[in-house]
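Asks: This is what each chain is made of:
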Amino acid sequence: MPHSALAYIAGAYEHPLRNAPDTSVAQLHAEVAFGALADAGLSKDDVDGFFCGPDAPGTGPLSLADYMNLKLRHVDTTNTSGSSYLIHVAHAAQAIAAGKCNVALITLAGRPRQQGKSKGALKRADDPNQPDFQWESPFGIQILGVYGMVAQRHRNLYGTTAEQMAWVKVAASHHAQHNPHAMLRDVVTVEDVVNSPLVADPLHRLDCCVVTDGGGALIVTRPEIAKSLKRPLVKVIGCGEAPVGQNGGYMEITDTGAQRSGATAFAQAGVKPADIGYVSLYDSFTITAMLQIEDLGFCPKGEVGRFVMDGNLISGVGRLPFNTDGGGLCNNHPVNRGGMTKAIEAVRQIRGEAHPAVQVPDCRLALANAIGGQLGVRHASSTIILERE
Amino acid sequence: MTYQNPAPEPSPDSLPFWQAANRGEFLIKQCEECDQAHWYPRPCCPFCASAKTVWRQASGRGKIYSYSYLRRMAEPYVIAYVTLEEGPTMMTNIVDCDPEALSIGQPVTLVFKPSQDGEQAVPLFRPLEP
Numbered sequence: 001m002p003h004s005a006l007a008y009i010a011g012a013y014e015h016p017l018r019n020a021p022d023t024s025v026a027q028l029h030a031e032v033a034f035g036a037l038a039d040a041g042l043s044k045d046d047v048d049g050f051f052c053g054p055d056a057p058g059t060g061p062l063s064l065a066d067y068m069n070l071k072l073r074h075v076d077t078t079n080t081s082g083s084s085y086l087i088h089v090a091h092a093a094q095a096i097a098a099g100k101c102n103v104a105l106i107t108l109a110g111r112p113r114q115q116g117k118s119k120g121a122l123k124r125a126d127d128p129n130q131p132d133f134q135w136e137s138p139f140g141i142q143i144l145g146v147y148g149m150v151a152q153r154h155r156n157l158y159g160t161t162a163e164q165m166a167w168v169k170v171a172a173s174h175h176a177q178h179n180p181h182a183m184l185r186d187v188v189t190v191e192d193v194v195n196s197p198l199v200a201d202p203l204h205r206l207d208c209c210v211v212t213d214g215g216g217a218l219i220v221t222r223p224e225i226a227k228s229l230k231r232p233l234v235k236v237i238g239c240g241e242a243p244v245g246q247n248g249g250y251m252e253i254t255d256t257g258a259q260r261s262g263a264t265a266f267a268q269a270g271v272k273p274a275d276i277g278y279v280s281l282y283d284s285f286t287i288t289a290m291l292q293i294e295d296l297g298f299c300p301k302g303e304v305g306r307f308v309m310d311g312n313l314i315s316g317v318g319r320l321p322f323n324t325d326g327g328g329l330c331n332n333h334p335v336n337r338g339g340m341t342k343a344i345e346a347v348r349q350i351r352g353e354a355h356p357a358v359q360v361p362d363c364r365l366a367l368a369n370a371i372g373g374q375l376g377v378r379h380a381s382s383t384i385i386l387e388r389e
Numbered sequence: 001m002t003y004q005n006p007a008p009e010p011s012p013d014s015l016p017f018w019q020a021a022n023r024g025e026f027l028i029k030q031c032e033e034c035d036q037a038h039w040y041p042r043p044c045c046p047f048c049a050s051a052k053t054v055w056r057q058a059s060g061r062g063k064i065y066s067y068s069y070l071r072r073m074a075e076p077y078v079i080a081y082v083t084l085e086e087g088p089t090m091m092t093n094i095v096d097c098d099p100e101a102l103s104i105g106q107p108v109t110l111v112f113k114p115s116q117d118g119e120q121a122v123p124l125f126r127p128l129e130p
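These protein sequence lines map, in sequence, to chains Z and W. Letter by letter, the first sequence follows residues 1 to 389 of the UniProt record's numbering. Letter by letter, the second sequence follows residues 1 to 130 of the UniProt record's numbering.
Treat the hints with care, since some could be wrong.
[Stated by the list, open to error] Output of the computed footprint for chain W on chain Z, the stretches with three or more beta carbons under 8 Å from beta carbons of chain W: (1) 36-42; (2) 136-143; (3) 246-257.
[As the list claims (entries may be wrong)] Per the computed footprint, the stretches of chain W lying under chain Z, defined by three or more beta-carbons under 8 Å from a beta-carbon of chain Z, are: (4) 7-15; (5) 34-41.
Simulated from the structure, these hints should not be mistaken for lab results. Predicted model only: the values in this text are computed from it and were never measured. Every residue, glycine too, gets a C-beta built ideally from N, C-alpha and C.
Start from the sequences and build out the full structure, keeping to the hints where you can.
Replies: As structure tokens, then:
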């Protein structure tokens, strides 16, 4: 039985650059926007809804909408960091269903490598009004350390090993070898990962994602418009979002919002994890992807270490092909906000337009999940489920 | 060279905590309505929304909830969550320790150390002597 459509993703575009010394941030946004419109077969003047995150320079959507000279009747600048862009897909579908817009443009772009942020050890934005800031900044909080704590606790609770975590990177590297735009194209082994330097115990250097310039864009539209275009139909059939905090000091940092965002999306779509042919998972670190596999229900809690071994995430080899573009671990992680590229590769898989070496045969159902913010501190998970029509 | 904790920027509602820290006292917030202790300290209870939260002296004893040794930093340090005897878990650093010999569940005890600028005592933890 066909599932009811919330909306369709009619256009998707990933910027080919990973280093953009000669391109402004606004130009990157415009290039991905117009790339996604061209992919859909729509024009700039068809856009009446614009969705962006804080990577958009200026006040909310205003500067970029003016720069691209968009004529809008709906805007949304929801910010849950890297998961924003999947939430934008959900909110665009809702706005379209409510009649607030017909063609929604979602953009992400930036050039962190040009601004001296090419390493994972990023300091957090310094806002003393952020209520948690004074309780975390004195202790040298940074991304590596908190994900290190998440991985350490998962190892302690469930016996997850460095070799098991390494399998996630190995799978991503197998896929990235086929992506000419990928930042890292060399296939690596479990030994390569566990022999790379420890950066934040138990995370090794090769457990960490890349930081890239560039970006991506999506076009979400209503069924009548999608069906009038000459592209394969990619139907959004389920969405979920779940912010997670520290619960007043009583938290379990190995539990992610994917438990709730996934359950919501699966319920709305009327499908279950075993039905999914391809997954895009946020892989800021190997452990990030692993926790989503558990919390989305692809394996029981605590068993992901064994689940990912022996190439189980490699397309054509294992049961759960993931991040066939090479993911954030090898391909692209523009502006440290990985949700956008997760949606783009899921669209390619549903359309049958992934690289032939990694395309999942007859991929009818795909799931994309993102974790924004920082696992173990405060984060938001967002899930979308896509179906080929 | 050892890691120097950046000084916090106290807010009006947290000033009593940081002033007490400079007297060597470790305070946490507890709710008089629902009796639950929470972290980080807030004027309104994050569980029942009551404004009747009060400062109380904490024991300074706890156990390591999780930790990570940031060994590639110019001044390597251990970031950690410690679960306090009173219930809630807080972010901190483990100091005066062998970073490679720590474990989750290990008993630790509070030690105040001065911040980078020397102005503010910061609540850190060290392993309890065996």
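Asks: Are there hints from earlier that the structure breaks, and if so, what are their numbers?
Replies: Per hint list: single violation, 1.
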